[in-house]
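**Q** Residue numbers (our numbering), protein chains in the order written: chain A, -13 to 301; chain B, -13 to 301; chain C, 133 to 460; chain D, 133 to 460.
Incorrect hints may appear among the rest.
Claimed, not checked - Non-contacting residues of chain C with respect to chain B, defined by C-beta distances greater than 10 Å in every case (computed):
1. Phe159
2. Leu179
3. Asp180
4. Val188
5. Phe217
6. Gly276
7. Lys332
8. Asp430
As the list claims (entries may be wrong) - Partial list, computed: chain A residues near chain C (C-beta under 7 Å):
9. Asp15
10. Gly18
11. Arg78
12. Ser161
Everything labelled a hint here was simulated from the structure, so no lab data went into it. Positions of the beta carbon are idealized from the N, C-alpha and C atoms, including for glycine.
Next come the chains, spelled out residue by residue.
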Amino acid sequence: MKNELENYRMMVLIRRFEETIERLFSQGDVKGTTHPSTGQEAVPVGVCAALGPGDMITSNHRGHGHFLARGGDPGRMMAEFFGKATGYSGGRGGSQLMADYGIGFLGGNGITGGNIPTAVGAAFSAKYLKRDRVAVCFFGDGAANQGTCHEAMNLAAVWCLPVVFVCENNQYAMSTPVAAAAGVPDLAVRAAGYGFPGEVVDGNDVEAVTAAVGLARERALSGRGPTLLECKTYRLSGHSRGDPRRYRSRGEEAAARKVCPIVRYKAVLTARGLLDEPADADLVRDVEEQVAQAVAFAKNSPYPDVADLERGVFA
Amino acid sequence: MKNELENYRMMVLIRRFEETIERLFSQGDVKGTTHPSTGQEAVPVGVCAALGPGDMITSNHRGHGHFLARGGDPGRMMAEFFGKATGYSGGRGGSQLMADYGIGFLGGNGITGGNIPTAVGAAFSAKYLKRDRVAVCFFGDGAANQGTCHEAMNLAAVWCLPVVFVCENNQYAMSTPVAAAAGVPDLAVRAAGYGFPGEVVDGNDVEAVTAAVGLARERALSGRGPTLLECKTYRLSGHSRGDPRRYRSRGEEAAARKVCPIVRYKAVLTARGLLDEPADADLVRDVEEQVAQAVAFAKNSPYPDVADLERGVFA
Amino acid sequence: MSERVISYTDALREALAEEMARDETVFLMGEDIAEYGGAFGVTRGLLDQFGRERVVNTPISEPGFTGLAIGAAMTGTRPVVELMFMDFLPLVADQLLNMAGKLRYVFGEQAGCPLVIRAPGGAGRCYGPTHSQNLEAWLLHSPGIKIVCPSTPADAKGLLKSAIRDPDPVFFMEHKMLYPTRDEVPENPDLTVPFGQARKMCDGEDITIVAWSWMAALVDGAALELEKLGVYADALDLRTLVPMDMEAVVASVKKTGRLMIVEEAVRTGGVAAEIACRVFERAYDCLAAPVHRLTLPDIPISASPLLEAAALPSVEKIIDMALDLVDG
Amino acid sequence: MSERVISYTDALREALAEEMARDETVFLMGEDIAEYGGAFGVTRGLLDQFGRERVVNTPISEPGFTGLAIGAAMTGTRPVVELMFMDFLPLVADQLLNMAGKLRYVFGEQAGCPLVIRAPGGAGRCYGPTHSQNLEAWLLHSPGIKIVCPSTPADAKGLLKSAIRDPDPVFFMEHKMLYPTRDEVPENPDLTVPFGQARKMCDGEDITIVAWSWMAALVDGAALELEKLGVYADALDLRTLVPMDMEAVVASVKKTGRLMIVEEAVRTGGVAAEIACRVFERAYDCLAAPVHRLTLPDIPISASPLLEAAALPSVEKIIDMALDLVDG
Ligand SMILES: Cc1ncc(C[n+]2csc(CCOP(=O)(O)OP(=O)(O)O)c2C)c(N)n1
Ligand SMILES: Cc1ncc(C[n+]2csc(CCOP(=O)(O)OP(=O)(O)O)c2C)c(N)n1
Ligand SMILES: [Mg+2]
Ligand SMILES: [Mg+2]
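Work out the full structure: start from the sequences and follow the hints.
**A** The following block contains the structure:
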């Protein structure tokens, strides 16, 4: 497990990164759309802290946190938003579609639920090639109602594959609250329909997430198959750029902000004597500097060559 | 509930109908393929005995029993196999695609799992139009692993729709035993993942099926939503025409044949004093006559007019 | 009597509201169409007006709720389904191809399926590879599905009303770039626009230019520019692809002898190929030059504004190709 | 050295076995491919030969196991997936269009996807509306997917081997009517058939006839008959649609001046339209007559033998249309 301050710093980095992206969008510096993971930082950070270097992740539309926590370079990510040649996808993918196979990040996915079977496929390869690694899939409460989720979980169960299903239940799929989208309050119970364990995890407690993933990973590596972890959290931002959030109250958001994973972990680390206000201020300043550098890198990077537009469809 | 002898007779009719179809195929009288429901007769007969006249059924590829039990005309069904103009679909549909909306039979479906959402749609209409009726969906153990099954069940749960999901678990999807296709032995447990009741039913006991559907129907009509009934049964025939059944032993089949729903119900009715050998022989002869008439009707019917080939795609 | 000027989005909403008021069996279903009003605001306000029973938010289950809508359409209601992006058409393609489009042909007249699927296609907003596609060519190759693709607010309203009243499954293609466009739209709730009648955007003798949806709007603009350059285009907005008004296209080609088709989709296997092929079949002798197709190259659509624009047809590219064809 | 005569099915099986022996990362996945050997027996015996780890029976979950196969192909294995019928392509269309076909373009060279999807298309066996379709036109309009469609046992073997070795996603179209056909097939396991090279079935000056898959076999037969009638057809089997050997088609049309395309799919929006359109674009001046398309009408395929045959192209219909085109 990474040390506590590193994890705390990563959560702050994700938060600042998302806030910066939102600002750049509203200033018109970057185009398209984006799905911030503000408020959900403990899930990716907690998950990635439990993973080994060979493990593989498939991500969804709300994947900046996943990528950063797995070691994605903020500069190359930022450059992707700016549509620059140095972006992870050279401007072709944008917010949802970046990947770095080298660090086991198999990319985001614009199709809700699309990345669940691919994670199971990565787990299939791992088992087939007898490599000691697991696949991890990040998906939302909304994606849990896609058919691909059902099929992928059942396939993983039948073949006893080393995969950890991480459902980030942030209470909403766009504007739709979980209660209006699923017949059960806890999506974790669905694991029983496939014959593997499902567990509700406090997704705003980074250490609880790491602990749960650690056990699930052990299970997977020892050949006992998949686990579903439903990490309950809250998306503090809008669903995507320009979401007026008419479907919930500002009061609900304010309450959630008070128990956000960064607020909570800061209190924990302070209580443990690992952090104090000056150290936190330093850390935040350092993170801000890192994000500013990422933006500068992106801005200073060249645009892709339009002459290459038709290159790369096939090998 | 229909009377016992009527249900028994219907089971015998389905058996003879399927056997006749198989013979016609092997003689080359009819072309294409077919999926016999031999051995599963108690499910459709038990289900339909519990339904009201306004209720609606969606069927799958193995639907002859469903259609006959719901009141389909054996002659027009047979004519469909022969590709005649008098067939339910005028020769266009064949074995899998016949319908009679007038008796609440919304048709078979060639896409495994395709008919599960449509049943939920029929239930949606019933609720929307405030009609006191339920929709019933017949699907197999194999279809339970399709994404559409998951989505349809969750939708029915969330909107509390009047639908009864009847899973005919006949132990195999084509050659694949349930244990190789699903992570759990009882598919009924999956209902808990949607928040409605799921129950394992002895699908070779026609009265048990009727009783379970009766309760599920009441539940649906009183606004308490869907139910999943997993009816355990056994397909005595091959999956489809020309299946050498390499995936199971003849011994297993012989054992199943001894507890087939017709054998069992005959014993029950005999014990109740409602049936004896002579009466049974009469009944069987009567059924055989009915099937023979259906074949004669089909054979004597005209072929469709090829000039109409392009008609009827749009209203 | 002067017409009101409203947006394409408002025109669509008006059509929905009018048809819902006219026919109680019409209901709306889709992801985030209630409080949120749909990703592009088309259904905004309809929840308040018609209630939750008729403006139904769905879970994210495209194959499931499309199949459900088909089942509903088979049994007495008229679902109007919103698919958040046309890129998700593949998720419901089985339901459309293998069920909705085959029901009537196979089961006969008992099996009506008055279903409308609305979905916004198209690029131009930098939404990237999986939120920018036009896939109507797949549906063109799927018997039993009508395809409607309005390019003006008035057509958006009139064609959506026709779609909802139609007894058959209709795929109703909207476009992200068209939503904010504004124009005159009749208020009369009895007015509809019939299927299968192309709209002549511009009259000319030099070249026929055929398009639909957002590309028709671009062609409309390009035709004006071409006029200034002394090139007179006969510009047609097809409005519906199934049925397709080939009479209008052929008549125009007979007049101009030159045909150009503008399609916002990858080139290979697109709708333009079918149109060109039909023109060759019916007006072979009248063509003074090969048909020109202006399309996307056979690549995914990038998120970057630069790469997206480079791939897409534009007014400039239309003008250049038209000049080329007329000179050539 | 005389070649063996084996069936198309056996040739496919041989290709699978050879490639599995050659490369341990190759595995098979699909419904009922193990004990049952697949609905058409292609994989029969491979379970015994390679074991359950490499011949993997799937639950009925087409979108799921196709997505899984993509994930596997992204991470070091080479899945060869059997889709029981090509009619189920829509169920996996999202996986192919929105994922497999876009990975390399978007994520770059790191994102190889050496995936093969095998599926039998076609009618002729009275399997009815949902088990008889050819849907390659959809894939033609989906960048990033190669399309392979052999019509002979030798090509079945050689092209399947190429497909398995290919670094990109390949849709490999088989055909129910071709499975039992028999012909000479090389035994040498190193021989492959490259993509993008049409096969000249017959040399002639009067008319070019282009086809693929089962239709190529019909054209082959028709060309012989036509010869007896004094009409010499230049008959081309495309073998692969992506990449497509337009050079061969254009060269032939330049020679004959007449083009006919035979496609076993509904007419509108089919592959034939694209081919015709490309020929017009590249060899417009060489055409002495309009291109003719022989296809299915725009209807579902019936189960009845009578109606199915009435809808399908046949040797007779090919001959009639060819005569018509040559005389016209
Ligand atoms: C197949 C598909 N349907 C719909 C969408 C549009 N969409 C993008 S994200 C989203 C909500 C997803 O909710 P959830 O899975 O809970 O993830 P969250 O956004 O909350 O992180 C929707 C509806 C999509 N991208 N793909
Ligand atoms: C989408 C789809 N996949 C595969 C098939 C081929 N197929 C037809 S029936 C069948 C088995 C279905 O099994 P189950 O649901 O258990 O029903 P049963 O046949 O046992 O009645 C299969 C694989 C199909 N028709 N549709
Ligand atoms: Mg969510
Ligand atoms: Mg079964």
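**Q** Indicate, hint by hint, whether the structure satisfies it.
**A** Here's how the hints hold up against the structure:
1. Phe159: violated (7 Å)
2. Leu179: Holds, because the least Cβ-Cβ distance between C:Leu179 and chain B comes to about 16 Å, which exceeds 10 Å.
3. Asp180: holds (19 Å)
4. Val188: Label violated. Min Cβ-Cβ 8 Å, cutoff 10 Å.
5. Phe217: Its Cβ never comes within 10 Å of chain B, the nearest being 18 Å, so this holds.
6. Gly276: violated (5 Å)
7. Lys332: Correct as stated: the minimum Cβ-Cβ distance to chain B is 25 Å, above 10 Å.
8. Asp430: holds (29 Å)
9. Asp15: Given a least distance of 11 Å, the restraint on A:Asp15 is violated.
10. Gly18: holds (4 Å)
11. Arg78: holds (4 Å)
12. Ser161: This interface hint holds because 4 Å falls under the 7 Å limit.
Hint compliance for this structure: hints 1, 4, 6, 9 are not met, and every other hint is.
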